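Novice: Kindly generate the complete structure, drawing on both the sequences and the hints.
Protein chains: 2
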Amino acid sequence: MGNVIVAQSGGPTVAINASLAGVIEGALAHHYDRIYGSINGIQGIIEDNILDISGLLDSNPNFLSVLKTSPAMYLGSCRYKLPNLDSNNQVYSTLFSQFEKYNIDAFFYIGGNDSMDTVEKLSAYAKEINSPIRFVGVPKTIDNDLCVTDHTPGFGSAAKYIATTTMEVIYDARIYKAKSVTIIEVMGRDAGWLTAATALARNEYCPGPDLIYLPETPFDKDEFIDSLKAILENKNNVVVAVSEGIRDAKGQYISATSTAADGFGHAQLSGAGKTLEYLVKERLGVKVRSIEVNVLQRAAAHLSSLTDLEESVNVGKKAVEFAADGQTGIMTIMTRISNSPYEIEYSFARIGEIANEAKPVPRQWINEKGDWVTEDMISYLRPLIMGEPKLNFDNGLPVYAMR
Amino acid sequence: MGNVIVAQSGGPTVAINASLAGVIEGALAHHYDRIYGSINGIQGIIEDNILDISGLLDSNPNFLSVLKTSPAMYLGSCRYKLPNLDSNNQVYSTLFSQFEKYNIDAFFYIGGNDSMDTVEKLSAYAKEINSPIRFVGVPKTIDNDLCVTDHTPGFGSAAKYIATTTMEVIYDARIYKAKSVTIIEVMGRDAGWLTAATALARNEYCPGPDLIYLPETPFDKDEFIDSLKAILENKNNVVVAVSEGIRDAKGQYISATSTAADGFGHAQLSGAGKTLEYLVKERLGVKVRSIEVNVLQRAAAHLSSLTDLEESVNVGKKAVEFAADGQTGIMTIMTRISNSPYEIEYSFARIGEIANEAKPVPRQWINEKGDWVTEDMISYLRPLIMGEPKLNFDNGLPVYAMR
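Here the protein sequences come in this chain order: V and C.
Taking this note's numbering, the leading residue of the first sequence gets 590, the next gets one more, and so forth.
Taking this note's numbering, the leading residue of the second sequence gets 590, the next gets one more, and so forth.
The set of hints was computed from the structure by calculation and includes no laboratory data.
What you are looking at is a predicted structure, and each value in this text was computed from that prediction instead of being measured.
Treat the hints with care, as some may be off.
If chains are identical, the list can't say which one is meant, so a pair holds when it fits in one copy or spans any two.
[Stated by the list, open to error] Taking lysine-lysine pairs in the DSBU-like style, the calculated list, with each CA pair at most 35 Å apart, reads:
id, residue 1, residue 2
1, 766, 690
2, 818, 870
3, 810, 870
4, 870, 839
Specialist: Given below as structure tokens:
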């Protein structure tokens, strides 16, 4: 056998290193000679910034187990988009001479939509020049918006973190008797999957958010204020979850159309949460605050979903299996067999079906009024957040792997 | 024996319910007849909104163990300040007739500075009317700024959360090669204890923040920009931790004096982190973002310090012991015997020494330049974040107790 090379790209999730570990374990199982890592995505191959992962494994026997629960991206990332094949083939010949130099049989790219675009272009170029190198994508994104696959590695952990912090924010909001509104802004420019996960915070010991707004349905400020007024009549502390990408009926981002922001002339400075905070202050005059969960939702490896981490490892392993079987231009996908008991199947899809497409929340999984999600959504989400990995702590802090 | 009543006040910490559990366990151990809880601090006594905790314990045997790891305040909170004794004694006679009605021997108030002020006033009034009721304070605050005690319950867990999330933010910041600055804003208007805890994120697998600014030393914008420039020459991703309360040499809050905010004429809208984000963008033109850790630092019960929780329970238990011994007008305190092995002693101090005073970070625990902390600070902080409690998860989420 020859060698394999793996790289990571796009934004972080807490499970993308688990997929890296999965690719490594898969490559070991399939007896590839050496395993290389490209630093900062595909840029590392172009710039010859290559890590000898096989050497690393020899010198550090605990490496894989720590890697599986480490946040962000061990190999670093990039936002590098390959040019179209016809326009400029220089970078392609550079890449393929590098593959030759390192005797690469298969390249694995762990990433989101843009990374899948790269996998597709490389496999197409390989076909053109009759190269036998296989190119396989390993999905990841906290946004859960990749097509064809039931869900994406990294999403379950982010959903678990979001649901937990939503609970904790609700506990925090309830301590005072004075009327108050708390707005939680969750990542998701175009898809509301992660914001929908705040619904999991409704259980026997937590009322959950009162209102949930996703980008998939139009947001109406007057209706929002009316809903708040109605809820505030019956309870003191209202908690609202919104996607950063909520839009009005004309498709304009709420974050860019706020009254308050208009006043400054610097609309881009306010997120959706801040914008609604100003709106509530102005219209209702109650105590209001907004909380932007920020990068923690993609970086909080101290609270991840064991289901997500295990699947992320498997998705990486499977990618190697498919490559060893001769597949190229594909991505590992998961298909759900059942919710209860939760069961999924791993297979692959042609990259062409996936790259540059996004999967929104289906309209029928949002309630009619567009301010909560349905039971189908809850049943879909629940299995993805189940289980907690055993984390190692040292000196009071979780142990992570940094290059 | 008669009965006891306990209440919680001020802002939440993740350990304040552990102290409530401690008071309850102490009251059981000292064979008080019944244990009552006042809802929303002292307001519950005034409004006769009283919870029968003894009854709760009978019906729910797991209550105390879940309570110990539950966030926020099980009994609710208030921001109620008692009037001075001479000015208006109506509320005092209301309170004491309530104490009589419930046959109260001792009142325990878990809270910060304001709550200790209440304990002091009630014990003074009791003395005036020759009431035998004991009033004992149980400290809590994530700010760690109470005098006399070595540290405050709740601080260790917040410090652990801050150190962990700082690590995770640093991991997140390092994935791209492009130069970037990340600013983490930590709670602490007047004292920098919690921001200092970001220093714990420097270890063998994490470089830690590059700069740390506390309210205790004057912040100079030009020096800050010069420091960033120097660091950016040698590394790509700079991470800065700032207290929300950093001030310039004239004592003006940075959050209120920003160039950017001046431009809007709405200075109050920008926190310290946002203000510095604008400053860096303007002066250095590199990619910059600010992260406000927000309420999670006081509410994230999913990541607490076992040392802190155990001490919080003990501080509550000791308060009951002291009251049973006849003490009143006091607060339980902790004295540190040694850092390594970590050892503390519980005792009490007169409330007069504590209430309405704040404890800043000593200047000698901050480096000369005012942009990092010393080894003494690290040695002080480290033991407080040690250990992780066993959390129960159900359906993928931590189990908490809500009233």
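Novice: Each of the hints needs a verdict: does it hold here or not?
Specialist: Here is how each hint holds up against the structure:
1. 766 - 690: between (69 Å within a copy, 24 Å between copies)
2. 818 - 870: This pair counts as within: shortest intra-copy Cα distance 13 Å, inter-copy 39 Å.
3. 810 - 870: Both: 13 Å inside a chain and 32 Å across chains, each within 35 Å.
4. 870 - 839: Both: 24 Å inside a copy, 32 Å across copies.
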